[in-house]
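In the order they appear, the protein sequences are chains A and B.
Residue numbers in the first sequence follow this note's numbering, run continuously in steps of one, and reach 424 at the last position.
Residue numbers in the second sequence follow this note's numbering, run continuously in steps of one, and reach 485 at the last position.
Calculated from the structure, these hints are not laboratory results.
Each hint should be verified, as a subset may be incorrect.
Said to hold, decoys possible - Just a sample of chain A residues kept apart from chain B, beta carbon distances all over 12 Å, derived:
1) D43
2) H278
3) D305
4) Q331
As the list claims (entries may be wrong) - Covered by chain A, according to a simulated footprint, are these stretches of chain B (three or more residues, beta-carbon under 8 Å):
5) 201-207
6) 315-327
7) 415-429
In this text, all values refer to a predicted model and were calculated from it rather than measured experimentally.
Each residue gets a CB set at the ideal place from its N, CA and C atoms; glycine is no exception.
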Amino acid sequence: MPDSKSADRSGQDGGQDAHPEGAIVLSLHAHIPRVLGRYRSIDQQSDYFDAYRTRDLCMRYVHECIIPTNRILTTAIRRLEGQFRLSVSVSGIALDLFEQYAPEAIESFTHLIETECVELLGTPYHQGLAFAYSIQGFAEEVNRHRDRVEALFGQTPRVFRNTKLICSEQVANTIAHLGFDGIMCDAPREALAGRSGHRIYACGHAALPMIMRDPELTSQVADAFLGTQDGVAPMVAPQFAARMADAASHGVAGLFFEYEVFGRRFVTESGIFEFLRHLPDQVVHQGRATFKTPSDVIVGSAPTDELHLGRHVSPAEWGGTLSPWLGGSMQSHAAHQLYALEAAATAMGEGPLHEAWRCLQGAEYFLAMSMLERAADHSRHLIPHLDGPYHAYIVFMNIVDDVTRRLEGSRGNHDLVENQVSAD
Amino acid sequence: MLGWAFPAYLSGGVGTACQGLCRSLAQLGVGIDFIMSGPGESESEKAIPEGVAAVALAGKPESIVEDPPAPRHGRLADSWDAAIEHAKTRSGPETSPFGASVSIPHFEFIRINVGLQPYQRPGESAEGGVAGTGVAGTDASSAPGQAFAATHEGQTSTPPTPAPEERRTNLFAEVDCYTHQAIQAAAGREFACVHAHDWMTFQAGMAIAEASGKPFIAHVHSTEYERTAHQIDERIFEIEKRALMKADVVIAVSHMAREVLIRRYDIDESKITVVYNGVDCPDSNPGMRPANIVRDEKIVLFMGRMTLQKGPEYFLAAARKVLAVMGNVRFIMAGTGELLEKTMALADQLGIADRVLFPGFLRGDEVERAFRSADLYVMPSVSDPFGIAALEAASFDVPVLVSRQSGVSEVMRHVLKADFWDIDDMADKIAAVLRHPPLQAALRKHGGFEVRNLTWSNAAKTVIDVYRNALSLEVSPQKRTGNRA
């Protein structure tokens, strides 16, 4: 099956000039949100966020995924003496939670970045959907994250990875305006219209270079390791390295993962870490392609063509649209209500209420309200105690309503606790 | 098949279930002899004009079984023979209570007049089995519509005023009568298996199965434990236990109910099959949209028997919490039952009596109108093997909140769920539905879609599998020695 897919791809690209670079862009993304508390409008007793569950989620994420993966990557980089290069993005809220609950995760990233073979990418601080509601709010999220990364790791992100790799001309224009050199996205089949997804395209009026994920390569990894649970032999690193090199021979092969793939979605027993351990060596050993960071690629090659993205495009596995997050009436209503508070929250200045408003932007909260079972499933482990989309909406709206009341009632009073506003 | 009370005659989930199931079984080609308890004497005297059931079910008044004549003040036993003679119907589509359009291979409806009434407590009055008939001054001319109406699961039509002592009947005696008559009615008939619904027909079912050597299928719509919130009548428990032990196959209406049978009755789990109830969805009836209700207030509906099992006090407790944060909400508690007065008193104590309406037992159009005008239907059952009313509500596109302690919560995804005792959670969810139109719209839409797949036809298909399974089981030796029909 995977073989036929790669054959298709070769056929598609075969008639075009091969890119000389043969670059493999490996990019990993780390993000966890706060877990929403079971906040009720009736008694207003509990907290907006469940500190216990958030800490639990954070600890498991760090120790099952982040630390083992970073250790393997760091070791591989040192072993391969600079021939293994990759990029990493960590959301701002994840950095906050790591600092609060698992500083060892920060340390783990620091070691990785110290190798000087890792490029840090920009991303929205809370992995929200502000780009669809407020350019200003979106820019604030991006800048805030950039400042945070700069302060923590001493590296300024030059390339941007949006929430769930969602991209559009509007996003590209904003990002270019904010000073970024490029953007990561999924290969949008429709917009490519038969063109290769292994090239660098220019997006928007700023002609921002786009580096695309190869959806087939990515799903081959998933297929291979899902298969292990059914007793199918796992994909071995040499074969996959060869496939990556095949793909890269057409230009750039983008292999983008979320950290939870390693150790959570596929547990240690599946062999995923062994695979990750051997893959860089195999690629380097075979010598047919080179690992590059996104900035390496952008500096080395100019966009060959333009890509028109008139609307927001999500990766193929999400259907290519914003529907999984905003397609339902409850989802769009919740998002609308939240982003309608932007001006009031900003006017209030820094404080716990403003911070709560920011945290509520996390896209997974909206995913949990989806009627698509698969979509809701995806965020169930992130918001584990919310049973079903209706309850997710109820809890979210209870909190948003309360934030609204407090923002309206306080008018500059920063104290959350003392803010008494009569209910309805 | 043994049961009682198609909804036109009596109320209750069992009646609704028997009707829905039989209709679909018949459509799927299963021939049925249905031995049913008929109405009590008071109804046959004055309350059910001929053809009422046909108005409800077939639209052909002339085709329905006439009610058996009953002596005015005679003992029920006096009229048994006559009742059976008169209750025997011809088979064929035009005599079926399923509607003229249904072509049925074989359906025979055998009515036994013993005045049985589901969920009646021993010693309670058996009269008033049909909606409103016990209420003084009910004009007979208005009865057809009322009888039509008594289709709602969970409501009893027992009037709140206690019946005169001399008219009390002994439930157990009636069950014995039913058993006796049912055995006679079954004699000489051809059938492949015996399917009995709930404890009142179990003794008859067992005896007929024994006599005929055919498999016995016990269909449990509710057990004594669930009906009484654990204050059980040992005699009923014993009947249930004996029958369930004896049954070749037991049908439970949910996995929750199945658990009760395993835990409380010690029934071998391998012989229990779960068959969920279904609902016949109404055609869209836009004219039914609330006409005379000024919609400046939200309506939250409770509809069911006012008994411990249905949890009316939890509904009120939640209502109080909702009213503490929202105005303009009216809570309607439709139905009657042993807790009605206590529930009304509780509303008063909670200081929300002005926001709670007790319309009593609703009928036909009133049921539909109540559903269609509601912003939310709440079923806070303490312990409910299924809860067909929740399906009915969803079939009218009403958002639904059910307790997790109801079997229906297993089959519906697009409803809100709360533990019956978690008043805060329930109140929070009620308030959310009332506050947020998108939530209400999503529940209406998706719940409506979902319920349209929960059909009696699917239930009937599972029941047919149960029959096949039962027939393939080896019939026990003592049954073989029994008299064959």
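Hint check:
1. D43: violated, 6 Å
2. H278: Holds: least Cβ distance 43 Å, greater than 12 Å.
3. D305: Answer for A:D305: holds, closest chain B Cβ roughly 42 Å.
4. Q331: It is violated; A:Q331 is separated from chain B by about 9 Å at its closest Cβ, not greater than 12 Å.
5. 201-207: violated (count 0)
6. 315-327: holds (count 6)
7. 415-429: holds (count 7)
When each numbered hint is compared with the structure, violations occur for hints 1, 4 and 5.
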